[in-house]
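Q: The residues making up each chain are set out below.
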Amino acid sequence: MKSMKAKKNIFQKHPAIGFILFGLLLALIPTLAEMGILKNGYVTTIGGTLIYAIAALGLNILLGWSGLISLGTAGFMGLAAYMSAYLTVDLNLPFEVSFFLAVLIPTLIGILVGLVSLKIEGLYLAIATLAVAEVLRKTFEELGKYTGGFSGKSADYPTLLGLFELDRTTTFYFIIFVLVIIMILTSNMMNGRLGRALNAMRGSEAAAQAMGVNLLTHRLIAFALATIFASVAGVLYVHFVKFSYPSTWSLAMSLNFLAIIIIGGLRSIYGTVLGAFIVYAVPDMFLKQIPFFEDLSYVLNGVLIILVIIFYPNGLISIGYDIRKLFRKLTKGGTKNE
Amino acid sequence: MSTFIQIILRSLETGSIYALAALGIIIIYRTSYTTNFAQGVVAMFNTFVVTFLFNKFGLPLWLAVIGGILSAILTGFLIDVLILRHTKNVSPVAKQIITLGLIMIVLGLAPIFFGVDPLRLPRLIESGDLGVLGASISYNGLFNIALGLAIMTGMFYILQRTKWGLAIRTTASNEYVARLMGVPTKNVTMAAWGVAGVLGVIAGVMTAPMTSVTLNLMDEVQITALVACVLGGFQTFHGPVIGAYIMGIVRNLLLFYVSSVWGGQILYILILIFIVFRPYGLIGKKIVKKV
Amino acid sequence: MSEKKIALEIKNLKVSYGAIQALKGIDLTVYEGDVVAILGANGAGKTTTLKKISGIIDGEDGFIKLYGQDITKMEPEKIARLGISMSPEGRAVFKDLTVEENLKAGAFTLKDREKIRKNFERVYRYFPVLEERKNQVSSTLSGGEQQMLAIGRALMSSPRVLLLDEPSLGLAPLIVQDIMKIVKEIKEEGTTVVIVEQNAAQTLKIADYGYVIELGKVSTHGKASVLADDPKLVEAYLGKH
Amino acid sequence: MSKMENHVLTVDGLSIAFGGLKAVDDLSFDIKDKEIYGLIGPNGAGKTTVFNCITQFYKPDKGDLRFKGHGDQIVDLTTKPVHDIIRQGLVRTFQNVELIRELSIIDNVLIGGHIDFEANTLSQALKLPKSRKEEKKYREEAEKILEDLGILDRKDMLVGGQPYGILKKVEFARTLMARPKLIILDEPAAGLNDSETIDLARLIKRIRDQYDCSILLVEHDMRLVMDVCDRICAINFGKLLAIGTPKEIQGNKAVQSAYLGVE
Amino acid sequence: ACGEKTETPEETPGETPAETPEETPEEEEEPAQGVTDTSILVGNSAATSGAYAPVGVPFNAGIEAYFAMINDAGGVDGRMIEFTHIDDEFDPVKGKAALSTLVEDEEIFALVGHFGTPVVGATIEDVKEYGIPAVYFATGIGQLYNDKAEGKDKGIFPVQPIYKTEGQIMVARAVGDFDAQKIGVIYTNDDAGKDLYSGVEAKAKELGIEVVAEQVAAGATDVSSAVTSIKNAEVDFIIGAAIQATIPTIVKELAAQNVNKDVITTYVNVSPVISEAVVNEIDGKFDVYGLGWVDLVENADALAAFAEWAPDYATNVYAMTGWIAGHFFTEGLKRVEGTVTWDKFMDAMESEPIKNPFGGTINYADGLRAGTQEMNLAKVAMVEGAPGWEPVDGLQSMDSLLGN
Ligand SMILES: Nc1ncnc2c1ncn2[C@@H]1O[C@H](COP(=O)(O)OP(=O)(O)OP(=O)(O)O)[C@@H](O)[C@H]1O
Ligand SMILES: Nc1ncnc2c1ncn2[C@@H]1O[C@H](COP(=O)(O)OP(=O)(O)OP(=O)(O)O)[C@@H](O)[C@H]1O
Ligand SMILES: [Mg+2]
Ligand SMILES: [Mg+2]
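Protein chains in written order, with my numbering: chain A, 196 to 533; chain B, 3 to 293; chain C, 20 to 260; chain D, 1405 to 1667; chain E, 5 to 408.
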């Protein structure tokens, strides 16, 4: 019992250690696949899931912490994906440079949306961001010269520092690396002054303002962070999947990001990753494996989402609490004097 | 000139479809405080029911439509009783995600029930055109417009003038206190889901003859209706209806006179600019927040 | 005393919020036409008791009877129709509705239009400011005005049992005196009143009977006049915590 | 400006109307350094509205609001945006309690220190030593304040579900984090019982001395008001009724008939 | 920490598919993966759930029906064809994952019926990288077209017409059969519509024909303004470059606005479903033509076989295309002699033209990968008392249509 408590403290004090361990754990997947324990396809499925988790983390900062909704995540992610593909393939820019530009430009647009968010909120903001994303998607369709239109746009695995040409497995490691960094940064920011200010903005605008939180700058920060994360995800996507197709970046995808953070847990970093697994990976890795139910996997996925929300309205992450409680109940006889 | 009128007339016809769909979204929003993204697919499902009753069981169209209305009420009730009733501790955003789950369920089940072929559903009034200043509008189109307006007026009356309206508004404002006042909020939300279902299937039956009955039947209608709600403001019932007609008309004018490629997007941008300047929509009032 | 009917009977009531047990077995008996005061320190479980009576939270154990009818597991809207009406803690007015609509909602369970009209008259007589503000959206009312609205709304249904949770919260001294008068007036009409207050001395003055709740349990109860001088009460209520 | 020398706040000719309703009508009063100042009046008299005007949640239609802030600089509050008011050294609580339910009590208090943090976002994101030290420093300060208010034992509990009286205290603690020159309290004793109110009165006085600040408060609990206030301003229908010491106010006929009632 | 890895999963099957490297690297003519003495495993990923299930489900049912027929008759060379399938929901990531599962884990011999533009687009490079043969692509995107496939491109065997090519044929029909001088195009803003339109545009330019084009949203319910524009432009002939639900919308709107010009549309729409949807509305105002690459009247036997083995989908065009996919793969496989390897299979596919069971042939010789290039013409009419498609003209190439 005692040792368990001590362990808990380390993770609480230095969440980064937990995130790094988590990353290392994920990094075992390709090896497991090679050993034949997991399917090779899972490397792609999980790689994609982690990319979605990154974008969803950004949305979680926006909705979970700041209380601002966006249905535009997919649009920004797509913009970054197309930009990075174009910059590396057509303009032959180094991966790092294109990464930077492909994050910067969507972020600037995201900040503009942040300005709009000062005037409108709730559903109105949701639809406004949706409109931005729809305009972006239309642009992907019509500007065939840059985006390949409906033929889609291809890209390659990243080449780091002009030297290291990554392949599927190493790109997968790269995704984990980025994810872990983003988890650490998010945790640091959200558990400090910025996180409290965003929380305050969500909980009570009046209190936030009275305590000196400038709504304008904080909304812009929230939108900037969300767009940065979405763009990073977009860049990783296009260099992992090596392809971008206009209808990918649709409302459906943005809604999926929403589902991820609601299911995983608002304001929970691990929850976001968990949510991404539930929404993207579980249907493929489990639901579709159930005999006789393959064709119903879509239905089951919907049922799963609804059940999770009804039974875990604060996110599936709180299942940990329940499991611990159950565990304690089961071992109650021996260790009553806690 | 006649072209212009023609465009307006056709737009009014689709506008009334958008309006009905928007009313369906609003009534759920006003009672369950959630945006029902599944309004469209549920409507699609029930339109399939109508089509099946008509095509496979050979019922007369009007009877098939009544059958569809009954099934719409039933699906609405089921959604409320099986799902939304158990969401006491669920936040409004999470309820929206529940409607996403619903979309998946309906999209997954529809092909199993109705097969995968697109089906045909004829118009309620098969033929006849009315000439207006060199343009024409079908009797069916006129009927759609009239029905849309009638339903809207009826709902407006109920909401503002009757006890049911008060029940709806208190439920929307604060369900928990409403129950304290003796408002049967469960019945209110259940009825709202039923009504939303009916509005949806009527919109679906109006849409189907223009295209064919497929899984995507209501996709565009759904998005347009959502945007119309924002344009008109969520606070009233007539705002979204006006928003819906505006969407129908302006989109077609932009598509025709400006660009068939970019017209839809220009409309979105215009609406974006509009709501930045009128954050509560066309009709909604701005309320000063008091602390 | 013995001829009086029992309006509300509560036995061994237990309620929990997650891991916190807020009520640990409360017994209460309220006779028809009485004003019963529930007193207790912050967090003692007073609000929880009223919430449970009106049915908006679930209990774990025990029962509540209204004139002999078991309402323990009843839905709040049914309970409201049986004649229990509550002015909740923290006002909870319908924020986006006007003052008049709020009051109308309060009379939701009444069918008799004439009675509704009379109740309107009465509430406006008690709180003239509400009539002045009748078309104002209630979220923009001042704190005290909202409190008056909440109390007025509870009166609109001509309840058999009226539950008031800290009615004096945020009200000016004059109005607090008014509220006490109002309570007396409706008591005289035969309405049973259960009132939760922080202001013990003033409340016990108008109450017939009092209960003191401490950490989810009834610690003392007795006639209001006796309680007011009870040293035990002074200790429990004004004393250490 | 010499007049303001020992005044922390001067309100001069303040007016605001909502539609036809004059919520505050040509109201003037001033608060001296280290004074505990009461603002009383019937419900709907405009007290909260005065607070909202001072803190710029409402932009007054007319009137001057001068405040002697940090470094004894005199600022015209009407020129400042809402979120800059606290930087001048003026901080408030809310009548209806504006706290963040999902945060712990101590985190809610820490929000009050928002303006004092110096480390930038990047250094927070990277948890550089500077930002870590700062976070620790303010956390300790917050704990001290909670101890002062006697709620340190609850510091890690979530705000949601706490009793009303505790919430009022948390709001109070939050204002103290900003080490203000003037604290504005809107009904701090609402929801407190008699003994707690007595404690609060003591606390308010102690805070004034310990934090060396002025306090402006609205309260309907007359025992508290009469006990702690150095001076009181009574208003009705947004207009001034009387200003004076608690004794004077208690004896004032107009105030009695409009507000206090006669015992 | 992650730069050391040299071995990557793709290399294993991609390198030398005909051998199992660890065991017997020197021995030749080891059968390719997925091939045993009694069976051969093929597969695909397709959207069999979600919004595209109405296409994916019958398509796969068609493939399975064909293989069931072959297996019932004893298989190919004593080998049963086993078909495995993964649902990718039309999602590129899921499609990509499915492909690596199929090739690396399940070790299929070939992809049969690769499905959907986004998935095909995302995986076409991977397919080439693996070197695995892929027969039939249920999409018409341009990337598939190749007139001299070599090396890694050789395994790609498109069958159904590429939209761009079809767009050109539409113009050829309009000019050759209908003497059109000014063509109106209503195209949807999806891959089908836009690729068809770009084919139309290219061919019209080449022939010096005037084109008026209007875009409509795929799945739109209101296409009235596009139709009004086309009507006002006074064209001689209209191309409806849209698939599925949108084409009935366009045709009904043309009828509603009393346009009296004939319309031609893509083969995808030539199904009873569409004719049934529009026959009442057009009501003699104009004709609706459709291109086709199969001739169901001439090949009634083949149709009967199809209907026998896929009774649930007897009228479904997507099931029919799945059937064709199965057929093309099987025809190639039948020609392989001795040990079945990827190279030998590809050579077999190229060795001589393959006949489509429902008419027409495709020639893959010398690396030509162009899908179907001859198309026939039918129009909506009452056929045996039911709305259907009445044949108007047989299979013809673009050149023959234009008379050169
Ligand atoms: N929603 C909730 N979630 C968790 N705990 C709660 C909740 N509501 C009340 N509690 C807890 O239950 C106990 C009793 O609360 P209750 O509100 O009934 O007290 P009260 O006597 O009305 O106090 P007050 O005088 O502050 O109004 C308290 O300890 C409180 O913290
Ligand atoms: N935003 C607003 N719109 C309309 N009327 C308002 C608004 N804010 C305040 N009022 C009105 O102004 C008057 C003064 O309100 P205020 O909240 O200042 O009263 P108060 O003195 O604080 O009263 P209480 O003691 O009840 O809190 C009230 O009658 C209120 O209805
Ligand atoms: Mg209470
Ligand atoms: Mg006030």
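These aren't lab readings, by the way, just hints derived from the structure by calculation.
Please note: incorrect hints may appear among the correct ones.
Below, simulated SDA-like cross-link-like pairs (lysine to any residue); rule was C-alpha separation at most 25 Å, straight line [said to hold, decoys possible]:
(1) 137/C <-> 163/B
(2) 200/C <-> 1664/D
(3) 43/C <-> 80/C
(4) 235/E <-> 10/B
(5) 123/C <-> 167/B
(6) 153/C <-> 1421/D
(7) 1541/D <-> 210/A
(8) 524/A <-> 80/C
(9) 1559/D <-> 80/C
(10) 1559/D <-> 47/C
(11) 209/E <-> 304/E
(12) 520/A <-> 40/C
(13) 188/B <-> 62/C
(14) 165/B <-> 136/C
(15) 1484/D <-> 409/A
(16) 24/C <-> 47/C
(17) 333/A <-> 259/B
(18) 1463/D <-> 158/C
(19) 1426/D <-> 47/C
(20) 1484/D <-> 1474/D
(21) 235/E <-> 165/B
(22) 340/A <-> 235/E
(23) 314/A <-> 276/B
(24) 265/E <-> 211/E
(25) 203/C <-> 50/C
Here the structure is a predicted model, which is why all the values come from computation and not from measurement.
Q: Take the hints in turn and mark each one as holding or not.
A: Evaluation of the provided hints:
1. 137/C <-> 163/B: holds, 20 Å
2. 200/C <-> 1664/D: holds, 16 Å
3. 43/C <-> 80/C: Measuring from Cα to Cα gives roughly 9 Å; hence the hint holds.
4. 235/E <-> 10/B: Holds - the C-alpha atoms of residue 10/B and residue 235/E are around 16 Å apart, at most 25 Å.
5. 123/C <-> 167/B: holds, 12 Å
6. 153/C <-> 1421/D: holds, 18 Å
7. 1541/D <-> 210/A: holds, 20 Å
8. 524/A <-> 80/C: holds, 21 Å
9. 1559/D <-> 80/C: Violated, at about 31 Å.
10. 1559/D <-> 47/C: violated, 34 Å
11. 209/E <-> 304/E: violated, 39 Å
12. 520/A <-> 40/C: holds, 17 Å
13. 188/B <-> 62/C: violated, 31 Å
14. 165/B <-> 136/C: holds, 15 Å
15. 1484/D <-> 409/A: holds, 12 Å
16. 24/C <-> 47/C: Holds, at roughly 14 Å.
17. 333/A <-> 259/B: holds, 19 Å
18. 1463/D <-> 158/C: At roughly 19 Å apart (the allowed maximum being 25 Å), residue 158/C and residue 1463/D satisfy the hint.
19. 1426/D <-> 47/C: Not OK: residue 1426/D and residue 47/C at ~48 Å, beyond 25 Å, violated.
20. 1484/D <-> 1474/D: holds, 15 Å
21. 235/E <-> 165/B: Given that 25 Å is the threshold and the Cα spacing comes to 52 Å, the pair is violated.
22. 340/A <-> 235/E: violated, 31 Å
23. 314/A <-> 276/B: holds, 11 Å
24. 265/E <-> 211/E: The given pair, whose Cα atoms are some 21 Å apart, holds under the 25 Å limit.
25. 203/C <-> 50/C: holds, 15 Å
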